Amino acid sequence: MLNFDYKIFFIFFLILFSKLLSQNQLKLQLDYANNLYNSGQYFDAITEYKRLQFFDSSKIFIYQSDYQIGLCYKAGGHFDNAVKYFSLAEMNSKTYQQKFDSKIQIIRTNILRRTTDRALQLLDSLDNSSYFETKKDTINYWRGWTYIFADDWKTAALFFDKIDAQHPLKKLCIKVENSKYSVTFAKVISYILPGAGQIYTGHLLSGFLSLGWNLLAGYWTINSFAANRIFDGFTAGTLVWLRFYRGNVQNAENFARERNIDISNKALHYLQTQYEGIKP
Amino acid sequence: MIHRSETLLSGLIRIDLLRRIVRLVKPIRSAELRRACSAESRREASHFVDCLQVRILFFFFLFTVEIFTQPGNSNLFSAGNRLKFGNYLFSQNDYLRAAEEYRAYLKVESDDTARFKLAESLLRIDRFTEAADHFKGVFFSRGLGDYARLEFYKALFLGGGYVRFRQTVNQENYMPDKFSTEVKRLGMISYFFDNSVLPDSSEMFHYFDDSVKIRIRKFYLMKKFPAYKNPLKAAILSAVIPGAGKIYTGEIGDGITAFAATGLLAFLAVDNFKAGHNFRGWLFGGLAAFFYAGNIYGSAASAQIYNAGIKFDFNREVKLYFEKRNYFLPSIDFLK
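Taken in sequence, the protein lines are chains A and B.
Mapping of the first sequence onto the numbering used here: residues 779 to 1058, in sequence order.
Mapping of the second sequence onto the numbering used here: residues 7 to 342, in sequence order.
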C-alpha cells in the first residue's frame, strides 16, 4: 500500500513540476518580450508578445501582452493598431485598475493622434463612472493634455488648476495663452491702418511695405479720378489698390496665426524634451 | 484552428492520464476495503477513512492543478512551435513575422509547405524577388510544384519587369502544366501595364472568357488609341484665338478668362496710345504680350497635363480591375 502511495505521489509531483515549469516558460517569455520592449526593439517585442499569446492557451498573460503590444505600437507611431490592442487589453482586464489603465492608454493615444473629440468622450465616460471616483486627478490631468494638443491652452490651464493651483502645467498653459497674438486685433488694426497688423505681429518690413503700396495705389486711384480719368481710376482702384488693401488684411491674419502656431510648437517642444512629468 | 485542435489533443491526453491513475488506484481501494472488513478493527477502519480522505483531497488537488496550469510548451522556440506560430501569424495576415518564423523553421527542417508559405508571405509583403527565389525551391515538389510555378510567375509579374516577365513566359522553362493558360493570360495582361506594342487583338482576347471580353476589348482600344490631345494643336489654336487652346483641352473657364484678360489688356494698351499716354500704353501692351505668350505656352502644357491624366486614369482603372480579380489567377485552397 505504501508503495502505491509513493507511486501516486511521485506521479503527482512529476505532473505538478512539469506544469509549473511550463507556466514558468510563459513567464520567461513575458520577461523576454518586456526586455525587448524596454530596449526599444518594438517590432521584435510585438512578435514575442504575440508568441506568448499564441502559446498561453489559458490566457493568463492575455491582458499584459495586449497592453504591451499596444505600448509597442504607440511607441512606433502606429496609433490605430495601438488603440486596437489597448481595447483588447481593456476587454481582457480582470481588475478595475487594469481597465482604467488600458482606457487611459486609449485616451493618451487619441491625444497623440489628435482625435480630441474621442479622447474627451472617453474621459467623460471615466468621469461619470462610479468606479473611478478616486481617479479624478488623473482624469483632469489627461483632460488638460487633450486641450493642450487641441491648441486650447486656456481650457487646459483650468483642468490643471483643478489638480493643483500651483501645477507647473497650469503655469505653462497660462504663459502660452498670454504670449499668443490676437488674430482679430491684427485684422482690425490692418483695416484701420494698412500694415499695422503686420507690425503688431513683428513683421516690420512687411508692414511698412504694405503701407507704402497702399499709399501709392491710393494716390494713383485718387489722382486718376481727380484728373477725370474714370476708367483708369476704376481699374487702378479695383485691380491695384483693393488688391493691396485686402492682401494687407489677409497678411496680418496669416502672420498672427503663424506666430501663434510657433508659440504653441515651442511650448510642445519644451513639453516633449524638457518636461519631466507623464506625457501622452 | 490548429492551435485549438492542439489544445483539444492536449486535453484528451490529460484525460487519458487521469484515467490511468484512477485505474491504478482502483485495486488499492478494493484491497484496502477487504482488509478493513476482515480485520474488523475500528482503528484500521478509521485509518482507512483517513487515507481515503487524503486521496480524495489529493485527486481534487491534482484535478485543480490540471485545470489551472498551462499545456506543456516546454520550448516555445522549437522548430515545431515555430511552424505552428508561423501558421498562426500567416492566418492573421501578419506576413512579415510569419516569414521570419518559417525562415527559422526551415533552418532545421526541410518542408515544402513551409517553404511555399514563406515564399507566399514574402510575395504578400511585396518582396517579389525573394518570393520568386523561394518558389523556385518548391518547383519539384509533388503536390505543390504547379502552384509554386504559378506563384513564381505571379511574383515576376508583380515585380514589375514586364518585358523580362514575358520573355520568361515565352521561354516556357518553368511553365506549370496545370496553369499554362493562366500564366499566358497573365502575359497578355502585362501589356496593359507597360509601353510595349500591343499584340494582335485576336491573340489578346483568345485567353479571356466571353464574360469579360467586352471589358478587355475596351481596355485594348483605350491603350491602342488613347484619347490624347495634341499639344502643338493646342498651342496653334491659342495663337490664333487666345484661350482657344485651353478650351480644346477641356479647360473652358481658363480659356474664357485668358481671352478676356488678353483682350482687356490689349484694349487698354491701344486706348492709352490713342490718348497719348505712351508709358501706360507700353505697360499694358507689354502685359498683353506677356499674357498672350503665356497663354500659348499654357495651352501646350495643358494638353500635356490632360494626356498625363488620361494615362493615369487608364493605369488606375486597369490596375484596380485586374487586382480585384486576382489577375484571373486561381486561389490556392491550402493558403486560405
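Calculated from the structure, these hints are not laboratory results.
Source: prediction; values computed, not measured.
We put the beta carbon where it would ideally sit given N, CA and C, even for glycine.
A hint or two may mislead.
[Claimed, not checked] Below, simulated PhoX-like cross-link-like pairs (lysine-lysine); rule was C-alpha separation at most 25 angstroms, straight line:
| no. | chain 1 | residue 1 | chain 2 | residue 2 |
| --- | --- | --- | --- | --- |
| 1 | A | K914 | A | K965 |
| 2 | A | K837 | B | K113 |
| 3 | A | K828 | B | K113 |
| 4 | A | K877 | A | K837 |
[Unchecked claim] From chain B, some residues computed to sit far from chain A (all C-beta separations above 12 angstroms):
| no. | residue |
| --- | --- |
| 5 | Y94 |
| 6 | G167 |
| 7 | K184 |
| 8 | V218 |
| 9 | A281 |
| 10 | F290 |
| 11 | I311 |
| 12 | L335 |
[Claimed, not checked] A few chain B residues that face chain A, going by a derived Cβ cut-off under 7 angstroms, partial list only:
| no. | residue |
| --- | --- |
| 13 | L82 |
| 14 | R103 |
| 15 | Y226 |
Q: Please confirm whether B:G167 is truly not at the interface, meaning its C-beta sits more than 12 angstroms away from all C-beta atoms of chain A.
A: holds (30 angstroms)
**Q.** Given hint B:Y226 near chain A, where the shortest CB pair must fall under 7 angstroms
**A.** violated (41 angstroms)
Q. Are A:K837 and B:K113 close enough, with their CA atoms no more than 25 angstroms apart?
A. Not satisfied, since the Cα-Cα distance of roughly 30 angstroms exceeds 25 angstroms.
(Q) Beyond 12 angstroms on every Cβ pair: is that true for B:K184 relative to chain A? (A) About 34 angstroms separates B:K184 from the closest Cβ of chain A, which puts it past 12 angstroms; holds.
Q | Verdict on B:A281 as a residue remote from chain A, using beta-carbon distances over 12 angstroms | A | violated (9 angstroms)
(Q) Tell me if the straight-line CA distance from A:K914 to A:K965 falls inside 25 angstroms. (A) violated (41 angstroms)
(Q) Given B:L82 as an interface hint, is its Cβ closer than 7 angstroms to any Cβ of chain A? (A) holds (6 angstroms)
Q: Hey, is B:L335 genuinely clear of chain A, shortest beta carbon separation above 12 angstroms?
A: It holds; B:L335 is separated from chain A by about 30 angstroms at its closest Cβ, greater than 12 angstroms.
Q: Could you check that no beta carbon of chain A comes within 12 angstroms of the beta carbon of B:V218?
A: The assertion about B:V218 holds, with a minimum of 36 angstroms to chain A.
Q: Take a quick look at B:I311 and tell me if its Cβ sits farther than 12 angstroms from every Cβ on chain A, holds or violated.
A: holds (28 angstroms)
Q: Mind checking the alpha carbons of A:K828 and B:K113 for me, to see if they're no more than 25 angstroms apart?
A: holds (22 angstroms)
Q: Would you check whether B:R103 satisfies its interface hint, that is, whether its CB is within less than 7 angstroms of any CB in chain A?
A: holds (5 angstroms)
Hint violations for this structure: numbers 1, 2, 5, 9, 10, 15, all remaining hints satisfied.
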